[in-house]
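The task is simple: from the sequences and hints, build the whole structure.
Chains as they are written, first to last, in numbering that gives the first Met the number 0: chain A, 0 to 285; chain B, 0 to 266.
Hints listed in this document are in silico derivations from the structure and should not be mistaken for laboratory results. One or more hints might be untrue.
[Claimed, not checked] Here are the simulated DSS-like pairs of lysine-lysine, each with C-alpha atoms no more than 27 Å apart in a straight line:
| no. | chain 1 | residue 1 | chain 2 | residue 2 |
| --- | --- | --- | --- | --- |
| 1 | B | K164 | A | K132 |
| 2 | A | K43 | A | K96 |
| 3 | A | K60 | A | K213 |
| 4 | B | K226 | B | K59 |
| 5 | A | K129 | B | K260 |
| 6 | A | K96 | A | K60 |
| 7 | A | K96 | A | K167 |
| 8 | A | K129 | A | K153 |
| 9 | A | K213 | A | K132 |
| 10 | B | K260 | A | K167 |
| 11 | A | K60 | A | K167 |
| 12 | A | K132 | A | K167 |
| 13 | B | K164 | A | K129 |
| 14 | A | K43 | B | K226 |
| 15 | A | K43 | A | K129 |
| 16 | A | K43 | A | K60 |
| 17 | A | K52 | A | K268 |
| 18 | B | K260 | A | K153 |
| 19 | A | K167 | B | K59 |
| 20 | A | K268 | A | K213 |
| 21 | A | K167 | A | K129 |
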Amino acid sequence: MGAIGNSVMVESPVSLASSPEQVAAAPRAKLRVDNVSLHYANRKGGITVALDKVSFDVPEKQFAVLVGPSGCGKSSLLYLAAGLSEATSGRILLDGKPIDGPGADRGMVFQGYTLFPWLTVRQNVEFGLKRRKLPAAERRDIVSHYLEEVGLTKFADSYSSHLSGGMKQRVAIARALANDPQVLLMDEPFGALDSQTRMQMQRLLLRVWERSHKTVLFVTHDIDEAILLGDRVLVMSARPGRIARELTVPIPHPRSMDQVMEPDFIALKREILELLHPERESDETD
Amino acid sequence: MAKRRSLLQRCVTPMAEIPRSAVLAVGIAMWAFLLCGWLILSNGGLVPPMFLPTPAAVLKTGWDLLQNGTLLVHVWSSAEVVLAGFIISSLIAVPLGLLMGTFPIVQAMLEPVVNFIRYLPVTAFVPLFILWIGIGEEQRITVILFGTFFQQLIMVSDVARQVPKDLLNASYTLGTSRASVLWQVLAPAAVPGVLDALRITMGWAWTYLVVAELVAASSGLGYISLKAMRGFQVDVIFLAIAIIGALGLVTDQGFRFLRFKVASWAQ
Ligand SMILES: Nc1ncnc2c1ncn2[C@@H]1O[C@H](COP(=O)(O)OP(=O)(O)OP(=O)(O)O)[C@@H](O)[C@H]1O
Ligand SMILES: [Mg+2]
Chain A
0 MGAIGNSVMV ESPVSLASSP EQVAAAPRAK LRVDNVSLHY ANRKGGITVA LDKVSFDVPE
60 KQFAVLVGPS GCGKSSLLYL AAGLSEATSG RILLDGKPID GPGADRGMVF QGYTLFPWLT
120 VRQNVEFGLK RRKLPAAERR DIVSHYLEEV GLTKFADSYS SHLSGGMKQR VAIARALAND
180 PQVLLMDEPF GALDSQTRMQ MQRLLLRVWE RSHKTVLFVT HDIDEAILLG DRVLVMSARP
240 GRIARELTVP IPHPRSMDQV MEPDFIALKR EILELLHPER ESDETD
Chain B
0 MAKRRSLLQR CVTPMAEIPR SAVLAVGIAM WAFLLCGWLI LSNGGLVPPM FLPTPAAVLK
60 TGWDLLQNGT LLVHVWSSAE VVLAGFIISS LIAVPLGLLM GTFPIVQAML EPVVNFIRYL
120 PVTAFVPLFI LWIGIGEEQR ITVILFGTFF QQLIMVSDVA RQVPKDLLNA SYTLGTSRAS
180 VLWQVLAPAA VPGVLDALRI TMGWAWTYLV VAELVAASSG LGYISLKAMR GFQVDVIFLA
240 IAIIGALGLV TDQGFRFLRF KVASWAQ
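Dropping the structure here:
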């Protein structure tokens, strides 16, 4: 696995990161975040600037990852893209059309658990398909396909209260994927999981993505996760949230966990760490 | 021996689960204790039978009244009024409460009024209802309606408000429209809480019924109690109390069973 990765990687120089205008210009933007600001009214009668003039594009079929310190507005940005809340100024476009409300074309996996507790695992995955009025036979096939994909066929008839945290997130991912959205928004979907389960889920998501090539906007705290999964990493600064830097991940697919140890990976990781913690010494090698 | 000690330990550990047999045992023991107390006080002659009848006397009175048919007439008369008042109240309060918990505008409109009325004692309205409606069944139904409706409204709206907003958000991202999210997400998510609210308010409905019957009625369990007091038939009073308690217990269990059946996911 590592050997294949290495041979392809020779041609990509380590310093490939940055130069965002070129990255954005090349393929057509699937999702365009255009000068978006978001203010919340706070208790003292003032305003909290959660997002300050954020702009970036996610090209079609790209796996884009947002990283940034807690409270920098990552969830807020995904809610805006999903159409679940409204920006104070600026707009977000899907295929060039401004988003003005939620829709099945943008699937979302939330930071917390959001399975419908009165439905079984199977019915949860089927939820969006039913809204789209697909025939029962087709629904059944799609549901069993995605349950198999996330390894939960055996739990198809369980209620979510009987599932572990990792299983719940796997169902949530299957539920979002089964609905075949054009853009998948994922808000720290593995944030609450232990490192073992987390790695398992990352492997699963890599495999699913390498097969489907969906346009993804993925939020995480975990830099390893960002580099492992992303084609591009957008680093955000602390409040007010801004995009501090866009970095391209030069590691080709198919990717594997082993690549976490490779020099390209570590170089990129160091660069992101320095952006997130500018005060910190770069003596930490790995 | 080791097993015994672990059971004892579990009994004194906060929130620890205890075996079903232990639950049953202490439940029965408590009843046995109360019945024994009653037996000692009445049969032992510590309290004169004019104030405290023996359990046997109450049972005999119950059997006699059942034989001549009067008991069932009064039980049914009470149950009918409770059911009518409770069902009418629930049919309006549940949908309205769900709307109130879902739409802040409905809440802003109703809550100030509801919270004002909710704290007025129903009993204070009984004379007014008698004046307006008379002393028929309708008056008692109104008392129950008035007593339960506003409580149900507040309880159901709280249940709706506690449905996590991200459940609605998740359903939107899966293609649910704003119009159907009420039915697709809010209503099913609220089912267990609504059933609990109904179960609790059902108990209050019984209380208000007896109040209404004590004031003005020509049948019902409250009415026979009042009549028995005038004739010094303390055994009939005890009988009426026991029946009200038993009916309450049965409806309570009924609601628990219903909740278990339709919302087993929330156990
Ligand atoms: N409903 C709200 N009202 C007021 N302020 C809010 C609200 N939601 C978020 N904020 C503020 O906006 C900022 C961004 O919040 P957001 O949840 O988007 O951060 P985040 O980057 O997702 O954080 P985390 O990594 O911890 O999930 C925070 O400072 C938060 O306090
Ligand atoms: Mg967040």
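Indices of hints not satisfied (ascending) = Structure breaks hints 2, 7, 14, 15, 16, 19.
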